[in-house]
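Trainee: Make the full structure from the sequences, and use the hints.
Residue numbers (UniProt numbering), protein chains in the order written: chain H, 1 to 316; chain D, 1 to 316; chain R, 1 to 316; chain S, 1 to 316.
Hints listed in this document are in silico derivations from the structure and should not be mistaken for laboratory results. Worth double-checking, as some hints may not be accurate.
[Unchecked claim] Mimicking SDA-like on lysine to any residue, the simulated pairs with C-alpha atoms at most 20 Å apart in a straight line are: (1) R:K167 / S:E154; (2) S:K53 / S:G208; (3) S:K165 / R:R211; (4) R:K167 / S:I166.
There are 4 protein chains.
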Amino acid sequence: MLDLAVEAHDLARARTGKEIPGVRVEKEEHPYALVTTVQVETEEAERLMQKPKGTYITIESSALLENNRQIHQELIKLLGEKLSLLLKDLPETASALIVGLGNWHATPDALGPRTVDYTLVTRHLFHYAPQELRGGLREVSALAPGVLGTTGIETAEIIRGVVEKIKPDVVITIDALAARSVARIATSIQLADTGISPGSGIGNDRAGINRETMGVPVIAVGVPTVVHAAFIAQDAMERLWQELNQHPRLREVYKYLHPELVQRVIDQLLAPFGGRLMVTPKEIDTLVQNTARILAGGLAVALHPGMNPEEAYLYL
Amino acid sequence: MLDLAVEAHDLARARTGKEIPGVRVEKEEHPYALVTTVQVETEEAERLMQKPKGTYITIESSALLENNRQIHQELIKLLGEKLSLLLKDLPETASALIVGLGNWHATPDALGPRTVDYTLVTRHLFHYAPQELRGGLREVSALAPGVLGTTGIETAEIIRGVVEKIKPDVVITIDALAARSVARIATSIQLADTGISPGSGIGNDRAGINRETMGVPVIAVGVPTVVHAAFIAQDAMERLWQELNQHPRLREVYKYLHPELVQRVIDQLLAPFGGRLMVTPKEIDTLVQNTARILAGGLAVALHPGMNPEEAYLYL
Amino acid sequence: MLDLAVEAHDLARARTGKEIPGVRVEKEEHPYALVTTVQVETEEAERLMQKPKGTYITIESSALLENNRQIHQELIKLLGEKLSLLLKDLPETASALIVGLGNWHATPDALGPRTVDYTLVTRHLFHYAPQELRGGLREVSALAPGVLGTTGIETAEIIRGVVEKIKPDVVITIDALAARSVARIATSIQLADTGISPGSGIGNDRAGINRETMGVPVIAVGVPTVVHAAFIAQDAMERLWQELNQHPRLREVYKYLHPELVQRVIDQLLAPFGGRLMVTPKEIDTLVQNTARILAGGLAVALHPGMNPEEAYLYL
Amino acid sequence: MLDLAVEAHDLARARTGKEIPGVRVEKEEHPYALVTTVQVETEEAERLMQKPKGTYITIESSALLENNRQIHQELIKLLGEKLSLLLKDLPETASALIVGLGNWHATPDALGPRTVDYTLVTRHLFHYAPQELRGGLREVSALAPGVLGTTGIETAEIIRGVVEKIKPDVVITIDALAARSVARIATSIQLADTGISPGSGIGNDRAGINRETMGVPVIAVGVPTVVHAAFIAQDAMERLWQELNQHPRLREVYKYLHPELVQRVIDQLLAPFGGRLMVTPKEIDTLVQNTARILAGGLAVALHPGMNPEEAYLYL
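Mentor: See below:
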C-alpha cells in the first residue's frame, strides 16, 4: 500500500494500463507549487488504488528543500487555503485536536511530534473565556502520543481515549510518510479527508485513525521523509530490465521479470534488516525541522480565522 | 503545599510546635539509604500536613548523586521492594500503566518522560500471548502525555481517556518534584499510594491524578529536582533572624519576623519572574538521567516478578 | 567578580559610596531597548570595577522575554549596529571566528553552542572564490569547543590552537553569563571589546580568551541566563537587614551585618551543592533558543555588509 | 573508495579475480565475534585495495545489534585488547586525544560525538598531579570538532591546531562509516593504525587525519551506520544480471553489464538527492547509542591500564 494517493494512482494506471474509473484528478499550478487533487469516488477505485474513498490534495514544491523563508511563507498560505477546504463543513467555533504521530527519537519519523512542538495551542487559554473574547482564534489542542514500541499501546487507542474526553470537532493527524519515489522526499505535502489507514506511515504499525474509529472527521496531513530501501532495489531492477528488454532476443527468452526473482534479490540485499531499512537524505534533520514549521504555520492559518500567514510565520 | 511528605511533616511540627496526631512515622536504615514511611491516617492529620491520607515512603540516599553503578543497583533493589509493598494488593497478573509527567524540553521537569524512555513496555508484545508464555513479565504500558502549556489539555484528562481505553489495574506516575530544602534535590525518592494532588510537581498545574479521578489505584513516584527560589530567600531571612534574635534588645523591638516583610523582600528579589524561578544544580542533566534509569530499574523489578535487579540493570 | 559591567559598576559605586573615577557611562534610549555604554579607562577603574579596561555595551530589553518576532527583528538591527561599532577598526575583508562557549547538555549554559548552530558560516564556501564574487559576505567560521569537564582541555587552548591554524582577524565569543540580579536574566546583551576574563561565565572555569592570549582582537558577547543561588540568599538577608535597621535600637546592638554570618547562613542553605546551585526561570529553554537566534541574527548583520536585518531573520 | 578494509579486500579480489599480493589476512574466532586482521604491506596492495598501508582489525559481531549487556561487556573487553595491540608502541604514560568526528544533528553520523559524550576524560584532573598518584589512569582528552558544513573549517585543521597545543602522544578518531553491504551496518568495528584518509566517512568531506598531517600516530576507530543508496541499486542490478546471465542467449547478446547503463539507472532513481541518499535501519538511534557506549568502554579499558571491563561498564 502506498501512502501518497498520487503515487498510488500512477501505480494503478501502470498496472492496469488504463485510466482508473471512479478517480477524478485535477491539477492547479501555483507560482512555487503544483497542487494535485485526487478524488477516489467509487469502491472499484478504492480497490484499484488501495486507498479509501475521499479527497487527497497533494502540494508539490521543491521549495520545501530550500531554506527560503519568503517562499515558505507562500507555501504556508497555500497550505492554509487547502486545509481550509477540507475543514469547510465545520462550524466557525469548531475545536481541533492536532495529533503528531511518530517517534521523537527517529529523525525521519519525528515530523509529527516536531510539528506539535511548533503548534500554537489555545484550548487551555480560553477554556473559560466567552466566545467574543477569543479574538479570531479557534480552540486547538495538540498531542504527541508516541509509538507502539515505546508505549505498548496502539496509537489509535490513545487518541480515541483523549477524543472521548475532550470531544474535538475534528482531529488532524500529522505523520511522516514513506514514498515510492525518492523525488517525493520532503517535496510533497498530502492532505486527506480520509484519516489514516491501518499500516500506513513510516512505522507501518498504525491501526486506523479515521471517522469510523474516532467518531469525528479526521484530516490526515503527511509528508514523505523516506523511501523503503526495497523500492530502490526493485526499481533498479525494473529499469535495467526495460533497457535490456529492448533487444528482441532477450524478449524471446524471458517473457517477464519474475516477481519471485526480484523478491529473492531484495531479500538477499537487505538482510539482516529487511523492511526496516529506509533511504533518506543526509540532511533529513534540517528538512524535517523546516517542514514541521511550515505545517504548523499552515495549521495556524487554517484553524485561526483571525491569523494571517505573516503573523503565523512570526510566531514559529 | 509541599511535595514531600517528610518535609510537610517537619513543617507541620515546626508550625504547631508539637507532634502531629494521626501521623505515624517509621524509619529504617539500609546500607546506602534511609527509608522513612509517613502514614497520614486521619482527616486532622491531612489538614495539618496538607497531604491526603495515605502512605508515603521516602528513600533518601546521597548515592543518587554519585555515578556509582554498584550502589545504584542496590538502590534499584530497595526501590523495587518498596514499590512492591504499595502494589501488594494487586493480583499477580495485574497490568500497569506508567505515566511520565512533565516537560521533555525543561531539563529539571523531564524526569518523568525520561523514565518512560528507559521503561521496558510489554503490553503490545504479549497482548495475545497466553498467560503461561509470559515468562514472569507483567503487562506494562507507558505514556508521556506532555504538559498543559504544550497540549492545551489537562494531563489528568489525557490519562483518564487512556485509562478508560486500556483499563490498567494500576497507574504509576513519575514526576519531578519541588523540595523545600536544597539538600533533598536528587537525593530522595518518594513513593505514595495517594496519587498526585492538584497543584503538585514542578509545573504546579496538575489536576488530581488519583483513585477518585482514575478509578484505579494510583502510585505516585517523585524525586525533587528543584527548590523554588522564594524558599532560598525566605530561609535566608529566617536563619538570619534566628541569629540576630539571640540578642535580648532585638527581641524587645521586634516580636517576630513579619510575613508581609518577608513576602515583600521576596517579591522584589524575584521580579520579573516571581514563582517561575527555580534553584537547581548545574549538573541537573546528569542527575535527571541517572535518576530516570534507577526509577525505570526499580519499576521493572517491582512489576516483573521474573526479573532480578541485575537483569533489570543490564537492560537499562 | 561580576560578569556584567553595568552590575559591577553599580556594585563599585555602592561599595565606595561615590562615582568611580576613570569610568565613563553613556545611556541611549531606543524604542524597545536601553543601551548603556560603560568605558573602563584607567587602572584604578579596572581595580575598583574588577573588569579589564575596555568598552562594555549593554543592550537591555524586556522584549527578549517575549515571543514577538517584529521586535526581535528590531533588536537584531540594534545589535548589529553596536557590534559593528566594536568591529569598526577591522578591514572590510576581515574574517571572523565565532566561538560558542558553554555546555550543550546544560540548558542555561547552552547559549553559545546554540548560537553557533544558527550561525551562517561561509569560510568553506568561498575559500577559493575571488573577492569580487563574495557578494557582501565576509569569511565567517564557527566553533563550539565544549567545556573543560567533558574535553579535559582548557577551552582557551582549543581556541588558540584553531586561531593559529585559520588566522581569523577577530574572534567573537558567545557565552551565557551569571547575573547579580534576577531582573537581568535574558533581558541584557553585553558586548565587550575586552574578550573573556579568567573565571567568568556560568562555568567559572574559563582561562582568559582575549587579545593577549589569542593574538587578535576578541569581542565577547554574553547574555545572563542564571543568578547564583548564593546571591538570592545574600540579597534577601541584606534587604531584611536594611528594613530592620531602621529601628535605632537595632543599630545600637549590631553595627553591621557580619559577612561571616551571611556566609555561614548561605553555606548551610546551599549544602551539599554550594556554588553549583543556579537560579533560572522555568522557561529557560525557550529563552535560550530565542536569544540564540537574535544573537546569530545580529552577528550576521554585523559581519556580512551585504545582509540586511530582514534577510538575516529570514534565514534563522 | 570503501571505508572497510575487509570490503575493499573482497572487492579487489572480485575485480582482479585473484588474491591480492602484499595483503595478509588473519581470522580469529571468539565466542561472540569474528576478528579479521588485514595487513596492507606493499604499495601495489595499497593501490589495488585503495587503502593506505597499515593494519586494519575488524571485529564483527551481530551481538552489537542486540541489547544484551553481558555480551556487550565481552565485546568491550575484546575491543580493549585489540586497541591495545595498536597502541603497544606507546609508553605507559602516553597521553591520548580522542576525536569524535561527525555531525551531532544527523543520527547516523553522530557516533563520534556520542562516543566522546561517554568518554572518561582525565587530562584536566591530574594535569598537575604527580605520576604516582594517577592510579592506573592515562591522560585522556576528547574533542567533538563538528563538521565542515557547520564550522566552515576543515576538521583536520581544528584537530591539528589542538594537537599542536596539547601535544598528545596519540590521536584516536571515532567515526561513522559507510559500508558497501547492509549486513555490515552496526555489526562491524574497524580499528586501523592508518588514521583517516581524505574522503572517507559518511560526510565524505574529510581531509586526511593521519600521522603525516598530525605528527603523531593516529588510530581510526569506525563503525558503519549507513550504506549509500547507490550501492543498493547497483547490487540489485548486478544480482539480477547474474541470474539472467545463466541463460546462454542473453550472454550472446550482452557481453557484460555496461557501467554507463548502471550509472544512468542510479542517477535517475536517486534524483534529486543523488549521493546524499543513505540507507539506514529505522532503529539507528538505538544502534548508535549502544555502539557509542561500547566504543567508549573499549577505549577506557585500552587507555587506562588500571581499569577492568566490569568497571568500565559500570561508569558508562
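Trainee: Can you list which hints this structure breaks, lowest number first?
Mentor: none
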